[in-house]
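Peer 1: Counted the way numbering that gives the first Met the number 0 counts, the sequence shown spans residues 0 to 545.
One thing to keep in mind: the hints can contain errors.
Label-pair distances were calculated between CB atoms; the ranges are [to be verified]: (1) 377 - 424: 46 to 52 Å; (2) 251 - 417: 54 to 60 Å; (3) 348 - 293: 21 to 27 Å; (4) 387 - 293: 29 to 35 Å.
BS3-like cross-link-like pairs, simulated, lysine-lysine; straight-line CA separation at most 25 Å [as the list claims (entries may be wrong)]: (5) 374 - 484; (6) 465 - 448; (7) 336 - 448; (8) 374 - 336.
Think of the hints as simulated: they come from the structure by calculation, not from any bench. Idealized CB from N, CA, C, for every residue including glycine.
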Amino acid sequence: MTFDQLPGNGRVALDHEQSSLAGARKAPDIEEPPIPAGTSAWRRAGRRDRPTDTRDRRVGAPARTGFAPVRRRAAAGTQAGPPIFINSFVSMSRRSREGHGMTRETAGRRLRALVVAAAVLCGLALVPAQPASAQTGAMIQPVGGRVTGVLSNRCGGTDSDHYGVDIAGNSGMAIGAAYTGTVTFAGWASGGGNMVTISHASGYQTRYLHMVQQPAVAVGQRVGQGQVLGYVGSTGNSTGPHLHFEIRRNGAVHNITPAYSCGGTVAKGAPINLAFEDLTPTDAVPDRFAFVNSAGVVYAKDGAYAPWQAINAGGATKVALSGNWIGWLQDGNFYAKDGIYAEWLTIAGGGQVSDIAINGNRFAFVNSAGVLYAKDGAYAPWQAINAGGATKVALSGNWIGWQQAGNFYAKDGIYAEWLTIAAGGQVSDIAINGNRFAFVNSAGVLYAKDGAYAPWQAINAGGATKVALSGNWIGWQQAGNFYAKDGIYAEWLTIAAGGQVSDIAVSGQDWFAFVGGGNFFAKQGAYAPWLTMGSGGQVRKIAIIT
Numbered sequence: 000m001t002f003d004q005l006p007g008n009g010r011v012a013l014d015h016e017q018s019s020l021a022g023a024r025k026a027p028d029i030e031e032p033p034i035p036a037g038t039s040a041w042r043r044a045g046r047r048d049r050p051t052d053t054r055d056r057r058v059g060a061p062a063r064t065g066f067a068p069v070r071r072r073a074a075a076g077t078q079a080g081p082p083i084f085i086n087s088f089v090s091m092s093r094r095s096r097e098g099h100g101m102t103r104e105t106a107g108r109r110l111r112a113l114v115v116a117a118a119v120l121c122g123l124a125l126v127p128a129q130p131a132s133a134q135t136g137a138m139i140q141p142v143g144g145r146v147t148g149v150l151s152n153r154c155g156g157t158d159s160d161h162y163g164v165d166i167a168g169n170s171g172m173a174i175g176a177a178y179t180g181t182v183t184f185a186g187w188a189s190g191g192g193n194m195v196t197i198s199h200a201s202g203y204q205t206r207y208l209h210m211v212q213q214p215a216v217a218v219g220q221r222v223g224q225g226q227v228l229g230y231v232g233s234t235g236n237s238t239g240p241h242l243h244f245e246i247r248r249n250g251a252v253h254n255i256t257p258a259y260s261c262g263g264t265v266a267k268g269a270p271i272n273l274a275f276e277d278l279t280p281t282d283a284v285p286d287r288f289a290f291v292n293s294a295g296v297v298y299a300k301d302g303a304y305a306p307w308q309a310i311n312a313g314g315a316t317k318v319a320l321s322g323n324w325i326g327w328l329q330d331g332n333f334y335a336k337d338g339i340y341a342e343w344l345t346i347a348g349g350g351q352v353s354d355i356a357i358n359g360n361r362f363a364f365v366n367s368a369g370v371l372y373a374k375d376g377a378y379a380p381w382q383a384i385n386a387g388g389a390t391k392v393a394l395s396g397n398w399i400g401w402q403q404a405g406n407f408y409a410k411d412g413i414y415a416e417w418l419t420i421a422a423g424g425q426v427s428d429i430a431i432n433g434n435r436f437a438f439v440n441s442a443g444v445l446y447a448k449d450g451a452y453a454p455w456q457a458i459n460a461g462g463a464t465k466v467a468l469s470g471n472w473i474g475w476q477q478a479g480n481f482y483a484k485d486g487i488y489a490e491w492l493t494i495a496a497g498g499q500v501s502d503i504a505v506s507g508q509d510w511f512a513f514v515g516g517g518n519f520f521a522k523q524g525a526y527a528p529w530l531t532m533g534s535g536g537q538v539r540k541i542a543i544i545t
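Model the full structure from these sequences, guided by the hints.
Peer 2: This is how it looks when you write it as structure tokens:
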């Protein structure tokens with residue numbers, strides 16, 4: 000998709016095609032091998048063929064390989080007709096598939112299976128999908144892609160013990176929780192491979208099968224809607240990368256048929272078109288992306304595949320996102336909008352603003368004299384945080400941090416005492432996320448710690464110029480590349496190489512983004528393929544919030 004000539008903007012072509020960037024990988028050394036002349040700095044060797052089959056395979060069937068990326072499209076239409084619900088005991092003489100348990104059954108259990116099957120066929124095991132008091136759309140789609148299997152049908156033949164929907168996708172795509180809940184299983188299960196089970200309110204349960212690796216969550220962990228549980232794969236009894244997704248209530252299979260049809264597509268994060276009795280929609284804030292182009296025009300959109308909207312006419316040098324707020328620095332002033340289509344507000348005028356930050360309903364800026372101001376609420380009075388000399392501000396939770404004279408200072412609230420987080424006069428960049436603090440020194444060594452009074456831990460050996468924090472992720476820009484760690488003591492990953500990275504961002508549920516060659520790339524999941532969010536070579540600064 001392209002658009003031309005918005006006010007203050009040169010021609011910028013924006014699209015949503017997937018770039019040729021490879022996913023993240025572990026690297027033995029910070030230095031990347033040189034890229035052959037005439038080759039795009041972002042291109043990686045690799046071949047993806049059209050999918051031959053993404054359905055779970057039966058034991059003894061040959062694996063079929065070669066799968067292509069599946070783009071997210073609009074939500075699929077619905078399919079009428081009642082499903083057939085068969086209890087898991089019906090799988091009498093097969094090895095377990097998709098995590099349902101037993102390898103063989105006794106004669107007594109076979110008899111019970113036949114009784115259960117007969118009862119099901121009479122409609123006794125059906126869980127109504129449309130109760131009178133239900134909340135439609137309370138759960139959201141965990142991934143986006145093409146539907147290759149539905150309830151009791153693998154889109155090519157009936158299968159009475161297929162209890163969910165199969166959604167084909169690239170190996171490494173992030174899988175989000177359909178609804179808030181508690182993890183009751185996370186690990187390996189026969190047939191299901193790496194999988195996660197979540198218990199929700201009102202007796203609901205969701206299951207996510209065939210993840211590419213060990214799940215990203217643990218038993219007993221509370222997860223939010225959309226939180227990353229793991230990544231699409233093909234472990235267990237599966238013939239290609241896809242998510243097998245199930246919904247149950249009080250142990251019985253939930254009727255998901257109206258929400259999915261063979262060959263249709265679903266969009267990640269979109270409400271599932273089913274009624275969920277006693278579940279309340281969470282009204283989660285959508286993923287928001289923003290960038291500033293070379294003409295200083297700020298663009299923003301809600302969702303990776305939504306169209307871009309111009310926020311100003313030009314002159315901006317930085318954009319900041321938090322909640323529904325979009326803030327930008329322009330001509331020495333601080334402006335903000337409470338949503339893409341809202342009226343803009345002057346948060347701080349006077350032509351002397353040099354840096355800005357937003358977190359929730361807290362706003363902060365640094366003026367040309369280095370005085371840091373903060374306030375809670377767009378219409379509240381400003382409060383001075385320091386006496387001068389600051390060059391950068393960072394906000395997270397109740398923390399207000401700033402870089403001043405090569406040192407890192409912070410306050411746990413506007414009226415709290417200030418703390419020296421890192422001294423020595425060599426701090427060149429800072430970041431805060433929750434109770435995690437990080438800074439880069441003049442030698443490019445990145446340090447991080449969990450807690451204001453904890454000891455610092457070195458993250459790299461040197462050369463870093465910028466740090467970004469989100470969730471457990473620590474990301475940094477170094478020698479034109481983008482690296483990250485999933486925790487202070489984790490192995491580092493090369494998120495994007497090529498030597499042309501000029502800005503980076505990490506946000507929310509495993510979203511990574513960077514500017515390379517003046518283009519904007521993003522992906523959800525360290526091992527997912529990149530999406531080209533904005534091309535044309537004019538992107539300068541980016542921000543994401545998810």
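Peer 1: If a hint holds in the structure, say so; if it does not, say that too.
Peer 2: These are the hints, each one checked on the structure:
no.: 1; hint: 377 - 424: 46 to 52 Å; result: 35 Å, violated
no.: 2; hint: 251 - 417: 54 to 60 Å; result: 57 Å, holds
no.: 3; hint: 348 - 293: 21 to 27 Å; result: 25 Å, holds
no.: 4; hint: 387 - 293: 29 to 35 Å; result: 32 Å, holds
no.: 5; hint: 374 - 484; result: 33 Å, violated
no.: 6; hint: 465 - 448; result: 16 Å, holds
no.: 7; hint: 336 - 448; result: 33 Å, violated
no.: 8; hint: 374 - 336; result: 16 Å, holds
Violated hints, in rising order: 1, 5 and 7; the structure is consistent with all others.
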